[in-house]
Amino acid sequence: MPEESYGPLTLIRGENRGRYPYCHSVFIPGAGILIDPSSDRERLIRLRDEGAVKTVWLSHWHEDHLMHLDLFDDLPLWMAEEDAPPLADIEVFLDWYRLDRPDERAYWRKILQKQFHVHPRRPARFLRDGEVIDLGGMTVEVLRTPGHSPGHLAFFFREPKTLFLGDYDLTPIGPWYGDLFSSIEDTLASIRRLRAIPAERCLSCHEAGVFDGPVEALWARYEETIFERERRYLDLLDEPKTLAEIMDAWVFYGRPREPRDFYEFGERLHAGKHLDWLRAKGLLAERDGKFVRTSSEL
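In this text, residue positions in the sequence shown follow the working numbering: the first is 1, and each later residue adds one.
Be a bit skeptical, because a hint or two may be false.
As the list claims (entries may be wrong) - Here are the simulated DSS-like cross-link-like pairs (lysine-lysine), alpha carbons at most 30 Å apart as the crow flies: (1) Lys273 x Lys241; (2) Lys241 x Lys290; (3) Lys273 x Lys114; (4) Lys241 x Lys281; (5) Lys161 x Lys281; (6) Lys290 x Lys273.
In case anyone wonders, no lab produced these hints; they're calculated from the structure.
Between the sequences and the hints, there should be enough to build the whole structure, so can you do that?
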């Protein structure tokens, strides 16, 4: 896969434009730091064999950001403490995705172990919000940006004024906040924090991967997708509907996608998050296993 250099940073693109189950990785040759090793396995093997990687950083715990972490079992792993529990125990990994049924757990356990090489890992160091790390000729500020996950991290490389967004990826579909400890409210707060960073370039983990110059319009659109989803869920609930009926509308993804199992799973998670959010606002009720709108106000 192609890779691109942006001053001291190298973007290693993932397969299929970094779409799930892949992501783009960032490599910092001068410091030997690899961020989110889920891009091009063959390229990452070469980096490993050359001894170029000294430390692996994770933006967060999701499988599409650590698929090739197994290549670096002998190297220190750095990440946020809040996102570390799933890496220590695959059963916790499944719990954090709210997988309760034994058949679902067995299905995803096999995928995580075979496709994503998930096995127990314990970080050597935790990255803290606000800490500034000297990488030798460049400094990076650690930004805890919860919402997508409880310990999601972004990184602002100060001298090249480059902001690594992780999974706040500015894709047209909008932000993801589906797992157990994800939060719509925290996602909004993190988007607004990242929007305020004086970056001249942004790097993300999926699809386009690179954004040069002003991105305010992209941030505004990205944030607005959350409220568009909210309006669509409410419109659906003018008449009572079950969760299955709500999922069939594909509010989150817009249409069925492949791999179907993953996207149906994501659709269910996000429908649940929005239903909880709307219920907390007093805008819907659940009656006899169906959800219905109770107010026309937003």
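So which of those numbered hints doesn't the model satisfy? Hint 5 is the one this structure does not satisfy, whereas the remaining hints hold.
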